[in-house]
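Taking the hints into account, I'd like the entire structure generated from these sequences.
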Amino acid sequence: MKRFSTLIWLEHRRNWMWSLPLLGSLLFWAWGIKQVTVMDVGERLGIRAGLLAGAIAIGTLVLCIMIGRIRSETRNGQYQVLLMSPPAGYTHITARFTYAVGVGFAYYVAIGFLFWWVFALAGIHFDARSLVDLILAMPLYGMSVGVFPLLAYTLLLMVFVSAYRISGKGWIPGVVMLLGTPVVLQWIGNGMTRILWTLPSWRVFENVPAAVYEQFGQGEGYEFITSASELDYTGLPIEPMLLMLALTVVFLILAGRIWQEVEA
Amino acid sequence: MLAKLEHVTKRYVKNEGLRDLSLDFPAGEVVGVLGLNGSGKSTLLKLLAGLLFPTSGTVTVFDGAPRSKRANIVFLGENDALWPWMTPSDAMKFMSNLYDDFDAARFTGLLDSLKVPLRKTKTMSRGERGRLRLAMALARNAKLYLLDEPLAGIDLISRESILSSIVQEWHTDETILLSTHEVAEAEGLFERAIYLREGRLALDVSAESLREGGKSVVDTFREVLA
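Chains A and B supply the protein sequences, listed in that same order.
Per the numbering used here, the first sequence starts with residue 1, numbered consecutively.
Per the numbering used here, the second sequence starts with residue 1, numbered consecutively.
It is possible that some hints are incorrect.
[Said to hold, decoys possible] In the DMTMM-like style, the derived pairs of lysine to aspartate or glutamate whose C-alpha atoms are separated by at most 20 Å in a straight line are:
{"no.": "1", "chain 1": "B", "residue 1": "K122", "chain 2": "B", "residue 2": "E78"}
{"no.": "2", "chain 1": "B", "residue 1": "K69", "chain 2": "B", "residue 2": "D100"}
{"no.": "3", "chain 1": "B", "residue 1": "K4", "chain 2": "B", "residue 2": "D24"}
{"no.": "4", "chain 1": "B", "residue 1": "K14", "chain 2": "A", "residue 2": "E263"}
{"no.": "5", "chain 1": "B", "residue 1": "K120", "chain 2": "B", "residue 2": "D101"}
{"no.": "6", "chain 1": "A", "residue 1": "K2", "chain 2": "B", "residue 2": "D101"}
{"no.": "7", "chain 1": "B", "residue 1": "K4", "chain 2": "B", "residue 2": "E174"}
{"no.": "8", "chain 1": "B", "residue 1": "K4", "chain 2": "B", "residue 2": "D204"}
{"no.": "9", "chain 1": "A", "residue 1": "K2", "chain 2": "B", "residue 2": "D100"}
{"no.": "10", "chain 1": "B", "residue 1": "K69", "chain 2": "A", "residue 2": "E263"}
{"no.": "11", "chain 1": "B", "residue 1": "K120", "chain 2": "A", "residue 2": "E73"}
{"no.": "12", "chain 1": "B", "residue 1": "K69", "chain 2": "B", "residue 2": "D173"}
{"no.": "13", "chain 1": "B", "residue 1": "K122", "chain 2": "A", "residue 2": "E73"}
{"no.": "14", "chain 1": "A", "residue 1": "K2", "chain 2": "B", "residue 2": "D90"}
{"no.": "15", "chain 1": "B", "residue 1": "K69", "chain 2": "A", "residue 2": "E261"}
[Claimed, not checked] Covered stretches of chain A (in silico footprint by chain B; criterion: 3 or more residues with CB under 8 Å from a CB of chain B, positions within the stretch not fixed):
{"no.": "16", "region": "8-18"}
{"no.": "17", "region": "67-81"}
{"no.": "18", "region": "85-95"}
{"no.": "19", "region": "258-264"}
I should point out that these hints are in silico values taken from the structure, not numbers from a laboratory.
Model, not experiment: these values are computed from the prediction.
Every residue, glycine too, gets a C-beta built ideally from N, C-alpha and C.
Structure (structure tokens):
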């Protein structure tokens, strides 16, 4: 445990230059939200929600860059120090992943608060349970489905590149891996569609304010829905979350195993 | 035998690091690994550290694969591989929490004797960083020390304090492999000298037998490798 906490400390010392600006950028997004002053309430809400969606994407990109800076460490020789240290590759990989997930969770919880504020500005007020769903459940769900596997994949890719040197003849496995990724993603997507809704759903936002449906629930084909009570509540499918968590674990195990093969 | 190489060849993408090298390293020796640039010195030390894997042949350290024995091996690479934010106090935290054999009191003593400033490495000179890295390495109670060019790019005074620290901290049951271009300065340290030329073993000889023959390690370096 002492070794793991030391590696987390090391991650923090190495990465605070990335993590603090990321958290600090929330002030920028809050400022950006206030700058949206179009008259129509629905349009204003849409633009602000779009801004926050951009913040989510940029945050994920920063986390991926933060976690994947293995090549520069290899060049500077710091990776050599880590490879020679007693903790197993799995411990190193888990420490990197845990730190990035911790920073990411703090970031997305804060984004959840910003969403709550954006809704409040539009006159949509959440009860306590819906607020918890918004600031805790949604970040957890979103990270499990999107961010966790992406971070784990970034780690796997970078360790793979370091281990098998994507240069000279070594570029072949790299190209195979890159070309294979969309195929695998498609295959996962198809598999997910087949098993969707086979398990009980995660019933978040059961008490979501009626005003949300009035504002957003009238998309194409759903014009007849004018209130929450008319909507057949389904919740969030749990299968993508379980599948992506399993995939994350597989990526992390593979990255930890490949760590043992890395030369420096 | 503490460490052993049997018919080891290491090929890189475009060149060959070592070719068919067989060596034994018993406990309690200070070995000079000598050769010109590109002769395979770093490759040899990295193979023993488990940072490289042989293309053919076998490398064993403490009767196992080097990577699996890394907790018992000290490797000081030629790269200036410390994080720029790291202070000696951070280095102590890092080492004492990761390595069971790290002696914090010994580290503090080495910082004093090597005159390492207590500030971030990014504000240290190359020599100061080199001395800090050596203090981190020598403060461990390992049995195998692999020191790759610890004197490279370091001023004369620092080189002397590094060499005297190596002598002071060496215990008779420990094996040190030291690669250096400063052959004359380090000569007094060596009990055995391994001369490498273009990845092959040119000569493996005890320093004592050289001296008995009226030769020094430096003379032999010129004779064998020139």
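Going through the hints against the structure:
no. : hint              : in the structure
1   : B:K122 <-> B:E78  : holds (17 Å)
2   : B:K69 <-> B:D100  : holds (13 Å)
3   : B:K4 <-> B:D24    : holds (5 Å)
4   : B:K14 <-> A:E263  : holds (16 Å)
5   : B:K120 <-> B:D101 : violated (24 Å)
6   : A:K2 <-> B:D101   : holds (15 Å)
7   : B:K4 <-> B:E174   : holds (15 Å)
8   : B:K4 <-> B:D204   : holds (14 Å)
9   : A:K2 <-> B:D100   : holds (11 Å)
10  : B:K69 <-> A:E263  : holds (15 Å)
11  : B:K120 <-> A:E73  : holds (18 Å)
12  : B:K69 <-> B:D173  : holds (17 Å)
13  : B:K122 <-> A:E73  : holds (15 Å)
14  : A:K2 <-> B:D90    : holds (15 Å)
15  : B:K69 <-> A:E261  : holds (14 Å)
16  : 8-18              : holds (count 4)
17  : 67-81             : holds (count 5)
18  : 85-95             : holds (count 3)
19  : 258-264           : holds (count 4)
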